[in-house]
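*Asks:* Each chain is listed here by its residues.
Protein chains: 6
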Amino acid sequence: MRPNKLRELWSAGKKANNCWLSLGNAYAAEIIAHQGWDSVTIDLQHAPADYKDALAMLTAVSTTTCVPIVRVPSNDSGDIQRVLDAGAYGVMCPTINTAEEAAHFVGAARYAPLGVRSAGPNRAVLYGGADYTAQANATVLTIAQIETAKGLQNADAIAKTPGLDMLFVGPSDLGLSLGTTDGRANPTDKPTQDAIDKILATAHAAGIAAGIFGTTEAFAKAMFAKGFDLVTVTTDATLLGAGKALAATR
Amino acid sequence: MRPNKLRELWSAGKKANNCWLSLGNAYAAEIIAHQGWDSVTIDLQHAPADYKDALAMLTAVSTTTCVPIVRVPSNDSGDIQRVLDAGAYGVMCPTINTAEEAAHFVGAARYAPLGVRSAGPNRAVLYGGADYTAQANATVLTIAQIETAKGLQNADAIAKTPGLDMLFVGPSDLGLSLGTTDGRANPTDKPTQDAIDKILATAHAAGIAAGIFGTTEAFAKAMFAKGFDLVTVTTDATLLGAGKALAATR
Amino acid sequence: MRPNKLRELWSAGKKANNCWLSLGNAYAAEIIAHQGWDSVTIDLQHAPADYKDALAMLTAVSTTTCVPIVRVPSNDSGDIQRVLDAGAYGVMCPTINTAEEAAHFVGAARYAPLGVRSAGPNRAVLYGGADYTAQANATVLTIAQIETAKGLQNADAIAKTPGLDMLFVGPSDLGLSLGTTDGRANPTDKPTQDAIDKILATAHAAGIAAGIFGTTEAFAKAMFAKGFDLVTVTTDATLLGAGKALAATR
Amino acid sequence: MRPNKLRELWSAGKKANNCWLSLGNAYAAEIIAHQGWDSVTIDLQHAPADYKDALAMLTAVSTTTCVPIVRVPSNDSGDIQRVLDAGAYGVMCPTINTAEEAAHFVGAARYAPLGVRSAGPNRAVLYGGADYTAQANATVLTIAQIETAKGLQNADAIAKTPGLDMLFVGPSDLGLSLGTTDGRANPTDKPTQDAIDKILATAHAAGIAAGIFGTTEAFAKAMFAKGFDLVTVTTDATLLGAGKALAATR
Amino acid sequence: MRPNKLRELWSAGKKANNCWLSLGNAYAAEIIAHQGWDSVTIDLQHAPADYKDALAMLTAVSTTTCVPIVRVPSNDSGDIQRVLDAGAYGVMCPTINTAEEAAHFVGAARYAPLGVRSAGPNRAVLYGGADYTAQANATVLTIAQIETAKGLQNADAIAKTPGLDMLFVGPSDLGLSLGTTDGRANPTDKPTQDAIDKILATAHAAGIAAGIFGTTEAFAKAMFAKGFDLVTVTTDATLLGAGKALAATR
Amino acid sequence: MRPNKLRELWSAGKKANNCWLSLGNAYAAEIIAHQGWDSVTIDLQHAPADYKDALAMLTAVSTTTCVPIVRVPSNDSGDIQRVLDAGAYGVMCPTINTAEEAAHFVGAARYAPLGVRSAGPNRAVLYGGADYTAQANATVLTIAQIETAKGLQNADAIAKTPGLDMLFVGPSDLGLSLGTTDGRANPTDKPTQDAIDKILATAHAAGIAAGIFGTTEAFAKAMFAKGFDLVTVTTDATLLGAGKALAATR
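Listed in order, the protein sequences are those of chains A, B, C, D, E and F.
The first sequence begins at 1 in our numbering and counts up one residue at a time.
The second sequence begins at 1 in our numbering and counts up one residue at a time.
The third sequence begins at 1 in our numbering and counts up one residue at a time.
The fourth sequence begins at 1 in our numbering and counts up one residue at a time.
The fifth sequence begins at 1 in our numbering and counts up one residue at a time.
The sixth sequence begins at 1 in our numbering and counts up one residue at a time.
Derived by calculation from the structure, the hints in this document are not laboratory data.
Just so you know, not all the hints are guaranteed correct.
Identical chains blur together in the list; that is why a pair holds if it fits in one copy or across any two.
Quick list of in silico lysine-lysine cross-link-like pairs, DSSO-like style, CA-CA up to 27 Å [to be verified]:
(1) Lys244 / Lys14
(2) Lys190 / Lys150
(3) Lys5 / Lys160
(4) Lys244 / Lys221
(5) Lys5 / Lys244
(6) Lys244 / Lys15
(7) Lys226 / Lys244
(8) Lys150 / Lys14
(9) Lys15 / Lys221
(10) Lys226 / Lys150
Modelling step: build the complete structure from the supplied sequences, incorporating the hints.
*Replies:* Set out below in structure tokens:
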């Protein structure tokens, strides 16, 4: 089975970067995947995209060695299994608040005896290889988002969920939940930064990876400097946003 | 009928800017249209997009006052009429090389007695208004691309085509055709610049507008300075391209 | 942020009408939205349509001032948030039977501290404005359908759910659940009419709006006369149904 | 091979009615096809629809015995053959102005030795039967639209094109071309009516069928009364238009 | 209402075969449906397909008398009702482990008073007939998959769920769950065979049908010989797989 | 730029096989591409597929080293350029009958100074490499189908078209045009076989490759034995057809 490059990078003591895909468009995904990112995250929670878009984007990303992660809309077993069957090498679940929720999420993503994932990969076999079912549990990444006060409180128990591979901070929602921001990206206020530090430390203490979302180079570099293993540096929609500054050109 | 804002700008002695849509994605189109551009060009020639994408993009752009232009793949009457029926307020035809080709193009875009466009607008009535058929000939823009040595040679005859509203320079193809470039965008070599100047002058001499494609602010400003009435400043795909510089962030 | 015209109408003591969109087609939606309706409901429960259709229909409706409501298939947090992120100004949930279900529904639709909606609107920012996240809780409508005997029994508790804006009667299901009809639309039997009256009174007693579905002008007028704040008068599929009477023309 | 019900009706001395499909939506097409129409016309010229929509609509119509006709955007061999391969039992070409154009159109729709259609039906074999290639020339209808002054002038020569099955009047374009109307549907002015009469007589004199487009029951009945063999009585979009009168209901 | 041919076959003491649709493609579905199968299963759990694909496939299959079953991704009320509204004549739910889960599944698929299905069929009325709502409970099949050790243990209680029509064995998952196989199809090991026998006997003891999935003619014949009422013989993806043996042709 | 594996095989004195894609489905394309074929042909003439399907299929095939060829519906410059821009490494044009038609076809596929292809690749740059525009003329294959009596007559002149890379026999159409078959695949009658031999010899005499379509292993082997450089061995739809023999399994 094709190895998971993110696991390889981390095993080699390296960090990985990530570009978020918020447009839900396969051609944009293929452009981004060819830019040299270690990984991309296909967003199905907040992007105007659905499963079929993810399928097309997974295919597009598979023309490169960039690792495709998919964020599902919610902790739904059907959705989790379908993006994995389609070839995601990482699956991210938003808003994990308790260890029970984490166990449900991880269980949906793992074949027996570790979980309850149903056998029947489609593109995953083409992308991963003929031994996909046997190797998937050890290859595919499960990523739980910590992005609420409650998730923060339960971060330690969540991090210890058997089979979970990463805690991933959603800083916008975290600040909104803590009441310290209005939901903006790249928050730098102290309470949110403290929460970020705590999640990072909790993940590493549990022996799993830590990741975080950002949309500016400065924020991303600060997060890499803190020690995050995976940092989202920008999004395709953020890149498009630079057009606003040019719209006054005459 | 909703007036054509580009005609209004030019009547007021102003110039108009343009953002090119090369991703073929309606959400990207809506983001761009909300950035304040005077117009966008939905590309069906070189973008990975077809008529149905254009339809969705026209709808998305119609949520703003940004003027939607569609570039058709070729001088095909069916294509020209279908994008107009769908609500394009400008239609651009690539590679017009002769006055005959220009006449064919304009004829397809105009109702009798000026042309042979068939009656039956769909979204165009919703976007333009109930009097669309009566007012379309005077409202919708027809734009011929000059982008070959042959087109350059015949530019004067083309510009004099009754009902044609603009000559639009395709500098990449023009340089490739002249043999002075390898087809790069924003060419600054003297032969291509001379050709650009000639086309600009020819359009204005014929009393019609002149437009040109570019992908950098510097090139666009230089073209506005020359006197072009419509200049493409950037494209959605170009904006995405900026991600490449960030892909090394760690 | 763009105000919600339905809230404005009600504040001004007026009633609002509604056309239901059962075809799941964006062009049909745009035609209907241009007919002058105060609002439309994009149905994802019983129409042959999914999230991507709703996205296209929301875009199409956004070319007018008609208020777009989306009915989700079930009380699923992911679905509720995704249609709001896409720009729905009202979200309707079918078959709310208990106050707990109502609280789950409303919670999914409201940002902290009122609920658990995750930050990350996409089209909603383009449609609503840059201050969307800050103003959404006060702008977007949450609408609970009462359409079972159990929901009827719990209507008062449901109506008092903090943050709920409307009870909306589903008369077909209500009659079917009460056992008084076979699920037909526009029921006029006394038990169903009594149930309708009770839901209307319960909503108004709780200080929230009351709405109801119908497919004939006569039924709709009767419901407006009862005092409903929002009444569905017809559907796009119902309008198509009139073709049956013409199919014998020869 | 499944017989063409329109040919059967005409052989039996009966007339056939038709509903036009202008929405480009397969579910709307299936609703209409179940209403009892003899035939439907899937419009690819003026509807916001493309080949893939036609394919889905042809499939939807194939669940009934209603005969599916497709109008292609223009006299393009590729388009003509593709809708036939997909199972259209009639193909209509807009704006046939000369006998040469008619011959090109018919040639594209007929297998050797009558024409140049390439072998390779897809859905057509499923819909028509295993002997499709052998029987298609005698089964599938070719329909030329006469809708310009020039077409009117050449109607006789067009009607005599070997293999052509019907002249179909496009009254909106015809009136616009003659300069007697502004392109409205169901024209009743004398010059257009005279032209209609002439086309009808010309078709019958040549031993082929005559058809015409309309959108009201009154116009359709008048055309049946004149002797037209196929008359379009309404369109799906026209039916939706009735919603406008209801949008004031309160 | 159109009768359910599977119920008719079983009433006549016959068995039914089935072809699984794993490609998610409507044209492939139409090809398969024309091959003479008694039924097809449109898979939404493991195929790269979603609700809109199922809708298109249901339409394609409706051009024949082949009975369309849809397998939903999970025991979700919204999904179950939507595929039925779209015209599925059987709905299959994966991984039913308990009687409670079975009751939830069946309840979602039945109208009151047997369940909580909401009234509002769309294609189902076109496919089934005008009396769909009244007859659906007695016509549409509900099929529970037994494919885990837990489901096996609870098979008897599951089989006795009022309104359930069939137990359907998922042998790949069953073997994986039992730990006797690695999830391969068509398992012949004794423990899995014993489990298969037990499920078959349990279904028949409860007076309902028994079905099973397979991908080879040999396995299917063995299952028919055991007494299964419905057996999946192959899948469209399995048929494509035969291309591998030809790829060395030179 | 990524080399064209077909050119490499031929340079090495080897032959290449091909699988035809008639389903128009990206997942089927990805399955086939992973089976080890040297090349696939994405059919846009007779398959129920359009440009957007080809785009998705090209992306899917790009996850392997299999060479993607696209057959366009007709000799249309727009279509030819769009599939090349999307990353086709070979473009096939049906029914080339004259040297003029061949020159038009090849001209559309080549950049200046060899032709008139417009600069602006999209996926082609991602698939081929940054130097795509400079290297495309020498990399991309142009393939003319000879499949009529007229094309056969002019085969020599067609084969000598500068820049043409292959004559490709369409045996079904050829037999139909010659009047020796009813359009069946894999024809073995002497006149068609003689014509096939002549086209093969003509191509090789002109120093270009020869290819042919077939759907059985036996026919393909016979064609390889004759000396064809590229032979289509089967199609995805042909593979599905094997299901018919299984549909009687009980």
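*Asks:* All hints, please: hold or fail.
*Replies:* Here is what the structure says about each hint:
Taking the closest pair of Cα atoms, Lys244 and Lys14 come within 27 Å of each other only across two copies (20 Å); inside a single copy the shortest separation is 35 Å, beyond that limit. In the homo-oligomer, the alpha carbons of Lys190 and Lys150 lie at most 27 Å apart inside one protomer (18 Å), although the nearest pairing across protomers, at 48 Å, exceeds that limit. Taking the shortest alpha-carbon separations for Lys5 and Lys160, only the intra-copy value of 23 Å comes in at or below 27 Å, while the best inter-copy value is 49 Å. Proximity of Lys244 to Lys221 under the C-alpha cut-off of 27 Å is found in both arrangements, the shortest distances being 25 Å within a copy and 16 Å between copies.
Only between protomers do Lys5 and Lys244 lie at most 27 Å apart by alpha-carbon distance; the minimum there is 20 Å, versus 36 Å within a single protomer. Proximity of Lys244 and Lys15 under a CA criterion of 27 Å is satisfied inter-copy only: 18 Å between copies versus 32 Å inside one chain copy. Within a single copy, Lys226 and Lys244 get their C-alpha atoms only as close as 32 Å, which misses the 27 Å cut-off; across copies the closest is 24 Å, which meets it. Taking the closest pair of Cα atoms, Lys150 and Lys14 never come within 27 Å of each other, the shortest separation being 31 Å inside a single copy and 43 Å across copies.
With identical chains, the CA atoms of Lys15 and Lys221 are at most 27 Å apart within one copy only, with a shortest distance of 11 Å there and 41 Å across copies. Taking identical chains as interchangeable, the C-alpha atoms of Lys226 and Lys150 lie at most 27 Å apart only when both belong to the same chain, with a minimum of 23 Å there against 45 Å between chains.
Of the hints listed earlier, the one the structure fails to meet is number 8.
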